[in-house]
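Student: Going down the list, the sequences are from chains A and B. When we follow this note's numbering, the leftmost residue of the first sequence carries the number 405, and every step to the right adds one. When we follow this note's numbering, the leftmost residue of the second sequence carries the number 405, and every step to the right adds one.
Certain hints may be false.
Pairs involving identical chains hold if they fit within one copy or between any two copies, as the list cannot separate such chains.
[What the hints assert, rightly or not] No more than 20 angstroms apart at the CA atoms, straight line, and that leaves these computed lysine to aspartate or glutamate pairs for EDC-like:
1. LYS441 x GLU607
2. LYS455 x ASP561
3. LYS584 x GLU573
4. LYS495 x ASP436
5. LYS672 x GLU487
6. LYS672 x GLU606
7. LYS428 x GLU631
8. LYS584 x ASP697
9. LYS614 x ASP561
10. LYS532 x ASP697
11. LYS532 x ASP561
12. LYS584 x GLU711
13. LYS635 x GLU575
14. LYS458 x ASP436
15. LYS532 x GLU675
16. LYS685 x GLU602
17. LYS685 x GLU607
Hints listed in this document are in silico derivations from the structure and should not be mistaken for laboratory results.
There are 2 protein chains.
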Amino acid sequence: MQQQALVAGIDIGGTNVALGLVNKQGEIIWKDSFSTKQFDDFTLLVSHAAKVIKTAVQQISSAYLIGCGIGAPNGNYYSGSIEYAPNLVWKGIVPVAALFKQALQVNSIVTNDANAAALGEKLYGAAKPFNDFILITLGTGLGSGLVVHGQLVYGHDGFAGELGHVIVENEGRACGCGRKGCLETYCSATGIVKTYQELSGEESSLTARKVYQLASLGNELALQAFELTGKRLGLALANAVAYTSPEAIILFGGLVRAGDLLMKPTEKYFEANLHNLYRGKVKLLTSTLNESDAAILGAASLVWQNE
Amino acid sequence: MQQQALVAGIDIGGTNVALGLVNKQGEIIWKDSFSTKQFDDFTLLVSHAAKVIKTAVQQISSAYLIGCGIGAPNGNYYSGSIEYAPNLVWKGIVPVAALFKQALQVNSIVTNDANAAALGEKLYGAAKPFNDFILITLGTGLGSGLVVHGQLVYGHDGFAGELGHVIVENEGRACGCGRKGCLETYCSATGIVKTYQELSGEESSLTARKVYQLASLGNELALQAFELTGKRLGLALANAVAYTSPEAIILFGGLVRAGDLLMKPTEKYFEANLHNLYRGKVKLLTSTLNESDAAILGAASLVWQNE
């Protein structure tokens with residue numbers, strides 16, 4: 405019987421850790437998840453994850469592990485660490501890759517979650533045909549991964565691709581990064597809620613899902629909130645094209661589930677603001693990956709891209 | 405006697421063509437220039453340039469030509485053409501590389517002038533130590549070349565790196581590209597003149613050099629024009645860092661000759677707007693190349709980078 409090489413893909417989020425075993429074809433053979441917050445100490449999280457991964461590998465006939473890819477907020481490809489992630493409980497620098505390598509005895513690679521998502525789209529999703537593209541994740545914040553000439557852009561220090569923190573409004577909304585007017589304060593789940601609150605004067609706590617439901621029912625202010633979000637996003641994406649001239653921009657994440665409500669205004673303002681050198685050449689697409697699997701596939705792609 | 409391999413570097417501008425013969429060490433063995441506008445027909449320009457280059461090579465003992473690099477506005481690396489350059493007399497698509505290859509019988513490569521300048525800095529100038537950097541040219545307009553992981557970024561269609569056409573102001577100044585609010589309408593020789601005119605109400609024709617002279621004499625409005633230009637530029641460069649996380653940004657071109665008048669405010673607003681992930685890590689430098697030689701060196705680098 406043929407041996408089956410598998411890669412562990414681990415996505416570390418503020419709330420949950422999702423993990424799975426992925427074969428070269430991008431099939432998730434096994435997956436699991438657990439709550440992040442039960443582990444004050446990161447080494448305990450690694451022990452737990454390693455135990456469930458090893459057990460899973462043993463139970464799959466003829467399977468063996470060849471590597472481990474990890475996506476995490478502020479994950480740094482070069483240092484192998486999570487560095488000063490504001491939304492995680494572990495402070496400072498956490499040597500994630502070294503700890504997983506020790507626990508699993510395989511090559512372990514880390515990068516930030518949006519970079520991992522970009523690789524996942526390249527190997528297994530909507531970006532398969534493209535050597536130059538940008539992936540944008542629209543969740544609580546706005547993340548991004550740039551692929552140039554077929555390679556993920558890490559930058560000189562491993563922190564390239566922070567498009568959510570391009571300042572788009574002087575003295576604009578306060579951002580978690582300590583500055584003002586960052587793109588993600590407008591174009592994200594949090595941003596659209598804030599926009600709706602500003603339009604409606606409603607102070608009560610609200611979710612992006614609720615704004616979506618209101619817009620679906622024809623609520624004028626909620627529709628306006630989507631229009632304004634798409635206007636900002638369309639312009640920001642048109643500006644992004646002037647940097648790396650990608651063949652496609654791929655949108656991913658919770659906010660993208662709003663479908664045409666978000667995509668129609670985004671497309672309109674994207675085309676309207678695009679320099680004529682690029683007009684008609686750049687595809688605006690949404691991810692084709694199952695949302696709950698994408699993070700695992702993306703993390704596993706860190707290893708599979710080199711095999 | 406040892407044979408000496410040389411590359412022809414040709415910079416095609418709206419006013420002048422500068423050309424030279426460059427050895428691998430980046431020494432310009434011979435150079436010349438002629439007026440662009442005398443050639444309505446591009447093939448006549450090529451014939452003339454080829455003739456003077458061949459004559460020059462023959463007169464240098466033991467020299468032989470191994471390639472030809474061309475920098476030109478809207479020059480496209482992939483197609484080898486100048487495509488729809490608004491400031492050149494030849495309209496539509498001009499097959500520059502093919503024409504020079506035919507005339508000189510050597511490998512000929514074209515890219516836009518700012519990309520060529522970036523390569524020149526990498527091989528022979530201030531960018532030698534860096535694998536990830538951005539070059540910005542501040543002349544009549546604002547051009548840029550991005551280098552990522554040691555490679556010039558061309559994008560999927562050869563038109564990457566148009567940072568001068570990032571829209572920084574909604575409904576801002578009219579740009580030559582047909583849109584409004586592009587960075588180069590503020591941060592360029594043309595832009596600073598416009599800013600000074602807006603501040604002073606002076607309508608008379610003026611040059612950036614004149615604004616510089618006024619500022620040097622302590623003219624309050626001219627000083628303000630530099631401050632505002634540096635403010636826009638500093639923010640734009642801080643935003644650029646969030647894309648490719650470069651180790652350095654290198655400024656080049658006529659406006660940079662203003663020295664501290666431009667650089668001080670640019671540095672101030674650059675650091676003030678930089679995300680804390682990057683703070684203190686990105687060098688803001690000026691070109692170390694002789695300005696009149698830089699375009700020739702940059703063009704020749706298109707060939708020398710692969711030798």
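Student: Against each hint, give a clear statement of whether it holds in the structure.
Tutor: Cross-check of the supplied hints:
no.: 1; hint: LYS441 x GLU607; in the structure: neither (29 angstroms within a copy, 64 angstroms between copies)
no.: 2; hint: LYS455 x ASP561; in the structure: neither (32 angstroms within a copy, 47 angstroms between copies)
no.: 3; hint: LYS584 x GLU573; in the structure: both (8 angstroms within a copy, 16 angstroms between copies)
no.: 4; hint: LYS495 x ASP436; in the structure: neither (25 angstroms within a copy, 60 angstroms between copies)
no.: 5; hint: LYS672 x GLU487; in the structure: neither (37 angstroms within a copy, 26 angstroms between copies)
no.: 6; hint: LYS672 x GLU606; in the structure: neither (28 angstroms within a copy, 39 angstroms between copies)
no.: 7; hint: LYS428 x GLU631; in the structure: neither (40 angstroms within a copy, 55 angstroms between copies)
no.: 8; hint: LYS584 x ASP697; in the structure: neither (33 angstroms within a copy, 42 angstroms between copies)
no.: 9; hint: LYS614 x ASP561; in the structure: neither (39 angstroms within a copy, 41 angstroms between copies)
no.: 10; hint: LYS532 x ASP697; in the structure: within (17 angstroms within a copy, 43 angstroms between copies)
no.: 11; hint: LYS532 x ASP561; in the structure: between (27 angstroms within a copy, 17 angstroms between copies)
no.: 12; hint: LYS584 x GLU711; in the structure: neither (42 angstroms within a copy, 47 angstroms between copies)
no.: 13; hint: LYS635 x GLU575; in the structure: both (19 angstroms within a copy, 14 angstroms between copies)
no.: 14; hint: LYS458 x ASP436; in the structure: within (13 angstroms within a copy, 69 angstroms between copies)
no.: 15; hint: LYS532 x GLU675; in the structure: neither (23 angstroms within a copy, 38 angstroms between copies)
no.: 16; hint: LYS685 x GLU602; in the structure: neither (35 angstroms within a copy, 37 angstroms between copies)
no.: 17; hint: LYS685 x GLU607; in the structure: neither (42 angstroms within a copy, 40 angstroms between copies)
Consistency with the previously given hints fails for numbers 1, 2, 4, 5, 6, 7, 8, 9, 12, 15, 16, 17, ordered from lowest to highest.
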